[in-house]
Amino acid sequence: MTFSPALEEKFARILTIYPPGRQRSAVVPMLLYAQDEIGHVSQEVIDEIAHRVGIAPMQVDEVIGYYSMLHRKPLGKYHVQVCTNICCLLVGGQSLLEHASKTLGIGNKQVTADGLFSLEEVECMGACSWAPAIQVNYDFHHKVTPERLDRLIEDIRKAQGTKQVS
Amino acid sequence: MADLVTFTIDGRQLQAPAGTLVINAAKKAGIEIPAFCYYDGLALQAACRMCLVEIEKMPKLQPSCTMPVAEGMVVHTDSEQVKGARKGMLEFLLTNHPLDCPVCDKGGECELQDMTFRYGAAESRFVEIKVHEDEKQWSPVVYYDPARCILCYRCVRICDEGLGVNALSIGNRGVHSEIIPNNSDHLNCDECGACIDICPVGALTSGAYRYKTRPWEMDHVGTICTHCSNGCKTTLGVRNGEIIRGNNRDRSGVNGEFLCVKGRYAFDFTKAPGRLETPLMRVNGKLQPVSWAQALAAVGQKFSEIKQRNGKFGIIGSNHTTNEENFYLQKFARHVLGTSNIDHHRTGDITTLMDALQGRENALATVGDLYTTKAALIVDNDLAQQQPLLAFQLRANWRHHKANVYAVTPGPVREDQYAKKIVRAAEGQEFEALESLRDQLQAEEELVILFGDPIKGDAVRKLVAFGDSLGKPVKYVCLVDYSNSRGAADMGLLPDLLPGYRSVRDAGLEPGLAYDEILNSSDLDALWVIGANPLSRHELVAANAFVVVQDLFLTETAQRADIVLPASSAYEKEGTVTNVCGEVQQLKRAARVMGSKPDLEIIGLISKEMKANIGIWKSSKVLNEIRAEVSSYRFPLIVVESGGAAATNPVNGPVPSTRSDLVQSARNNLFHSGTLGRHCSTLKAVVEAPGTIYGELVNEPEEALEPSTTQQ
Chain A
1 MTFSPALEEK FARILTIYPP GRQRSAVVPM LLYAQDEIGH VSQEVIDEIA HRVGIAPMQV
61 DEVIGYYSML HRKPLGKYHV QVCTNICCLL VGGQSLLEHA SKTLGIGNKQ VTADGLFSLE
121 EVECMGACSW APAIQVNYDF HHKVTPERLD RLIEDIRKAQ GTKQVS
Chain B
1 MADLVTFTID GRQLQAPAGT LVINAAKKAG IEIPAFCYYD GLALQAACRM CLVEIEKMPK
61 LQPSCTMPVA EGMVVHTDSE QVKGARKGML EFLLTNHPLD CPVCDKGGEC ELQDMTFRYG
121 AAESRFVEIK VHEDEKQWSP VVYYDPARCI LCYRCVRICD EGLGVNALSI GNRGVHSEII
181 PNNSDHLNCD ECGACIDICP VGALTSGAYR YKTRPWEMDH VGTICTHCSN GCKTTLGVRN
241 GEIIRGNNRD RSGVNGEFLC VKGRYAFDFT KAPGRLETPL MRVNGKLQPV SWAQALAAVG
301 QKFSEIKQRN GKFGIIGSNH TTNEENFYLQ KFARHVLGTS NIDHHRTGDI TTLMDALQGR
361 ENALATVGDL YTTKAALIVD NDLAQQQPLL AFQLRANWRH HKANVYAVTP GPVREDQYAK
421 KIVRAAEGQE FEALESLRDQ LQAEEELVIL FGDPIKGDAV RKLVAFGDSL GKPVKYVCLV
481 DYSNSRGAAD MGLLPDLLPG YRSVRDAGLE PGLAYDEILN SSDLDALWVI GANPLSRHEL
541 VAANAFVVVQ DLFLTETAQR ADIVLPASSA YEKEGTVTNV CGEVQQLKRA ARVMGSKPDL
601 EIIGLISKEM KANIGIWKSS KVLNEIRAEV SSYRFPLIVV ESGGAAATNP VNGPVPSTRS
661 DLVQSARNNL FHSGTLGRHC STLKAVVEAP GTIYGELVNE PEEALEPSTT QQ
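Sequence lines, in order, name chains A and B. Quick note, the first sequence lines up with residues 1 to 166 if you use my numbering. Quick note, the second sequence lines up with residues 1 to 712 if you use my numbering.
Certain hints may be false.
Computed cross-link-like contacts, BS3-like style, restricted to lysine-lysine with a CA-CA straight-line distance of at most 27 Å [as the list claims (entries may be wrong)]:
{"hint": "1", "chain 1": "B", "residue 1": "LYS588", "chain 2": "B", "residue 2": "LYS611"}
{"hint": "2", "chain 1": "A", "residue 1": "LYS143", "chain 2": "A", "residue 2": "LYS158"}
{"hint": "3", "chain 1": "B", "residue 1": "LYS130", "chain 2": "A", "residue 2": "LYS109"}
{"hint": "4", "chain 1": "A", "residue 1": "LYS109", "chain 2": "B", "residue 2": "LYS421"}
{"hint": "5", "chain 1": "B", "residue 1": "LYS302", "chain 2": "A", "residue 2": "LYS73"}
{"hint": "6", "chain 1": "B", "residue 1": "LYS312", "chain 2": "B", "residue 2": "LYS374"}
{"hint": "7", "chain 1": "B", "residue 1": "LYS588", "chain 2": "B", "residue 2": "LYS618"}
{"hint": "8", "chain 1": "A", "residue 1": "LYS109", "chain 2": "A", "residue 2": "LYS158"}
{"hint": "9", "chain 1": "B", "residue 1": "LYS472", "chain 2": "B", "residue 2": "LYS462"}
With the Cβ distance kept under 10 Å, some of the chain A side facing chain B (calculated, not the full set) [said to hold, decoys possible]:
{"hint": "10", "residue": "PHE11"}
{"hint": "11", "residue": "HIS40"}
{"hint": "12", "residue": "PRO57"}
{"hint": "13", "residue": "GLU62"}
{"hint": "14", "residue": "SER68"}
{"hint": "15", "residue": "MET69"}
{"hint": "16", "residue": "HIS71"}
Restraint ranges, calculated between C-beta atoms of paired labels, are given here [what the hints assert, rightly or not]:
{"hint": "17", "chain 1": "B", "residue 1": "ASP40", "chain 2": "A", "residue 2": "TYR67", "range": "31 to 41 Å"}
{"hint": "18", "chain 1": "A", "residue 1": "ASP139", "chain 2": "B", "residue 2": "LYS130", "range": "56 to 66 Å"}
{"hint": "19", "chain 1": "B", "residue 1": "GLN442", "chain 2": "A", "residue 2": "SER25", "range": "46 to 56 Å"}
{"hint": "20", "chain 1": "B", "residue 1": "ALA70", "chain 2": "A", "residue 2": "GLU37", "range": "48 to 58 Å"}
{"hint": "21", "chain 1": "A", "residue 1": "TRP130", "chain 2": "B", "residue 2": "LYS130", "range": "30 to 40 Å"}
{"hint": "22", "chain 1": "B", "residue 1": "LEU4", "chain 2": "A", "residue 2": "LEU7", "range": "52 to 62 Å"}
{"hint": "23", "chain 1": "A", "residue 1": "THR16", "chain 2": "B", "residue 2": "ASP40", "range": "38 to 48 Å"}
{"hint": "24", "chain 1": "B", "residue 1": "SER536", "chain 2": "A", "residue 2": "SER4", "range": "52 to 62 Å"}
FYI, nobody ran anything at the bench for these hints, they're computed from the structure. Values in this document were obtained by computation on a predicted structure and should not be read as measured data. Even glycine gets a Cβ: it sits at the ideal position worked out from N, Cα and C.
Based on the provided sequences and hints, a complete structural model is requested.
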């Protein structure tokens with residue numbers, strides 16, 4: 001398979017920055033960038049990356065299993081990640097997660113029927129000073145309250161022009 | 001490694017070469033340090049933390065499996081702290097382990113079970129619900145139960161390092177970690193089952209053995225695998241005369257614990273449907289069951305009659321029968337029937353090699369040599385597919401001793417992964433390729449050359465001349481196909497050679513008809529086939545010949561027979577076989593199959609019917625006869641009788657030239673084994689079958705007549 005020209009260029013560069021014979025070091029960045037472009041890590045992506053760095057697809061699978069930010073299944077267009085580690089937990093991270101679950105109508109690691117949102121409970125994202133924090137795709141949202149979360153979701157829905165799925 | 005360091009373990013002052021690991025130094029002194037992930041011959045892992053020991057002046061407990069001994073080191077393996085650590089480690093390992101020992105196949109031979117009894121805590125402090133993951137089937141022969149897995153990585157390492165297949169890996173992380181197969185939900189590998197045997201717990205279990213029995217209910221019979229020529233010892237687990245599993249956990253034999261799919265699983269032909277259980281005789285054009293007495297009397301009578309009128313016999317022997325049977329058969333042919341029309345399917349040109357190496361000592365490499373030689377050269381063979389043990393030995397030699405392996409092959413082979421130099425050359429162009437390797441080979445201290453069947457006749461002499469021209473000690477292995485292909489040649493199943501490669505003229509006989517001449521002879525009166533299936537590939541020209549077949553199954557040849565005598569397989573009889581490297585090993589009877597008789601006994605009974613006396617049909621007696629006649633078989637008997645492998649030497653004198661054009665390997669890969677393979681359901685059930693040679697799919701050999709349609 002081939003990726004977008006920009007990504008292909010990126011991959012070509014990544015493969016040169018490791019010492020000779022260490023091309024498999026490129027697996028993690030390649031997976032992450034491929035996931036950004038495709039939305040998840042498909043079997044096709046795994047086979048392609050394995051082929052490009054010269055290892056068995058199983059060895060790429062191993063890496064994906066280890067890193068929780070790499071997803072084998074398609075996510076929503078907006079991946080809502082709620083932190084429930086200690087700092088966020090103390091100021092309502094858990095209830096924020098439950099609220100998000102209710103608002104979106106999906107549970108942890110599930111995707112809405114329209115494919116717009118997915119929800120995931122995540123570990124610390126390093127935003128403890130502004131807890132509770134959530135991350136939607138790569139955007140941080142600090143000191144999130146249930147109301148702010150609802151507004152955020154509503155804004156995204158409006159921007160997409162879709163109606164609420166209950 | 002000559003420098004000895006002095007250190008203390010449990011108050012005992014010990015010495016060991018620098019670099020020795022604490023766990024091994026202790027083991028040598030008789031001090032056991034428990035470990036799961038440490039495994040002799042595999043890369044160090046230090047994953048299980050079971051082998052932690054206390055080393056003075058080190059702040060924390062250290063894993064003894066990765067810690068080399070050092071001068072003045074003081075180690076305690078039995079202190080309170082160490083005991084506590086072991087107990088703690090076992091408690092951790094058991095947090096999610098289901099403790100279903102009463103239904104687990106491994107129960108009774110499980111390392112986790114043993115260690116828990118010995119070092120562990122009887123009760124756990126964990127009250128949480130165990131993390132459970134359901135069992136998975138990865139192939140017809142491999143099942144994985146993640147809940148039982150302790151993640152020692154032994155299976156991952158044996159598959160990657162030992163076999164070079166790299167079919168297993170670890171997926172997910174933390175408490176959800178588990179072994180994953182290479183094809184997402186199933187395996188695509190050699191199906192050798194090494195991962196199952198090496199598993200210290202019951203996480204990997206065998207499709208053939210699951211829930212069949214308990215280890216202590218079986219007799220464990222160490223015999224020699226009856227499939228390829230490598231002569232691996234397989235320890236068959238037998239209950240009530242039935243073989244239930246094959247493995248070699250005691251590491252006896254030339255193979256240590258290595259076995260391929262054939263050695264571990266392909267014993268099911270012994271009870272395959274279609275296995276002959278009674279003699280058959282052609283009555284009114286149809287094969288009908290008869291008694292042994294009737295069948296033998298008929299054979300004896302017909303043979304006597306043909307002999308009396310000076311008729312023409314043709315005898316085709318087997319690549320699977322024992323040395324004793326082969327010897328006895330050629331003796332019967334030459335002394336009773338008075339013919340040298342005897343041959344077998346030749347799968348490697350061992351006779352020309354014997355001639356080229358005449359008078360030399362130490363010119364034939366043993367299986368052990370392949371693990372110690374500094375360099376090896378493979379010519380025209382896909383070793384990992386056709387000669388799995390030899391491939392394993394060379395790979396282990398490269399891993400442990402950095403041996404240089406060279407290969408000249410017509411297509412890709414697994415040795416490409418690590419070989420120092422690979423040259424692709426079509427069959428017939430090997431010698432130009434060899435010249436291109438000359439400088440590199442000349443730089444080696446010693447060399448073992450392994451060659452396949454395209455090297456035959458003059459090419460063998462040319463290869464030996466090439467070896468000699470290097471000016472270095474060179475040993476040879478002539479690769480052959482089956483469990484006793486080598487023994488068939490050694491024992492004179494050849495029209496022009498007696499046992500020990502002497503000319504038949506020495507016995508006052510003229511050379512007889514060779515394999516193709518027997519089948520093409522229009523005036524042949526009798527064809528006697530023992531454990532072979534020549535009519536699957538050739539036609540029998542003599543339409544009226546009286547055909548006697550001794551076999552396990554109603555093969556194409558047996559279907560043409562006038563009398564079929566059901567024979568015992570190698571797993572059902574005693575005797576010796578000679579492997580590809582010329583090492584003689586002993587068979588032990590494991591299974592019992594109703595109705596069949598060992599070929600030795602059948603030949604003896606036929607000679608009795610003919611009122612001929614060629615000695616008693618007892619394998620130990622016949623072996624004595626062989627030893628009297630064949631000098632290279634005069635090895636110390638105790639070696640063979642105690643389950644060892646006795647190496648044989650090349651002959652002293654010249655070997656008369658024989659028909660090397662008949663040499664033709666069947667090119668069996670891991671999933672083929674001639675007639676036996678066709679009746680092994682396991683070999684056919686795996687997804688990899690029919691398998692590859694040189695990376696190309698092998699054609700399935702034509703199916704034998706299905707057992708259900710045979711006339712029984």
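Status of each hint after checking the structure:
{"no.": "1", "hint": "B/LYS588 <-> B/LYS611", "verdict": "violated, 30 Å"}
{"no.": "2", "hint": "A/LYS143 <-> A/LYS158", "verdict": "holds, 23 Å"}
{"no.": "3", "hint": "B/LYS130 <-> A/LYS109", "verdict": "holds, 22 Å"}
{"no.": "4", "hint": "A/LYS109 <-> B/LYS421", "verdict": "violated, 50 Å"}
{"no.": "5", "hint": "B/LYS302 <-> A/LYS73", "verdict": "violated, 74 Å"}
{"no.": "6", "hint": "B/LYS312 <-> B/LYS374", "verdict": "violated, 52 Å"}
{"no.": "7", "hint": "B/LYS588 <-> B/LYS618", "verdict": "holds, 14 Å"}
{"no.": "8", "hint": "A/LYS109 <-> A/LYS158", "verdict": "holds, 23 Å"}
{"no.": "9", "hint": "B/LYS472 <-> B/LYS462", "verdict": "holds, 16 Å"}
{"no.": "10", "hint": "PHE11", "verdict": "violated, 23 Å"}
{"no.": "11", "hint": "HIS40", "verdict": "violated, 15 Å"}
{"no.": "12", "hint": "PRO57", "verdict": "holds, 7 Å"}
{"no.": "13", "hint": "GLU62", "verdict": "holds, 5 Å"}
{"no.": "14", "hint": "SER68", "verdict": "holds, 8 Å"}
{"no.": "15", "hint": "MET69", "verdict": "violated, 12 Å"}
{"no.": "16", "hint": "HIS71", "verdict": "violated, 13 Å"}
{"no.": "17", "hint": "B/ASP40 <-> A/TYR67: 31 to 41 Å", "verdict": "holds, 34 Å"}
{"no.": "18", "hint": "A/ASP139 <-> B/LYS130: 56 to 66 Å", "verdict": "violated, 39 Å"}
{"no.": "19", "hint": "B/GLN442 <-> A/SER25: 46 to 56 Å", "verdict": "violated, 39 Å"}
{"no.": "20", "hint": "B/ALA70 <-> A/GLU37: 48 to 58 Å", "verdict": "holds, 52 Å"}
{"no.": "21", "hint": "A/TRP130 <-> B/LYS130: 30 to 40 Å", "verdict": "holds, 38 Å"}
{"no.": "22", "hint": "B/LEU4 <-> A/LEU7: 52 to 62 Å", "verdict": "holds, 58 Å"}
{"no.": "23", "hint": "A/THR16 <-> B/ASP40: 38 to 48 Å", "verdict": "holds, 40 Å"}
{"no.": "24", "hint": "B/SER536 <-> A/SER4: 52 to 62 Å", "verdict": "holds, 57 Å"}
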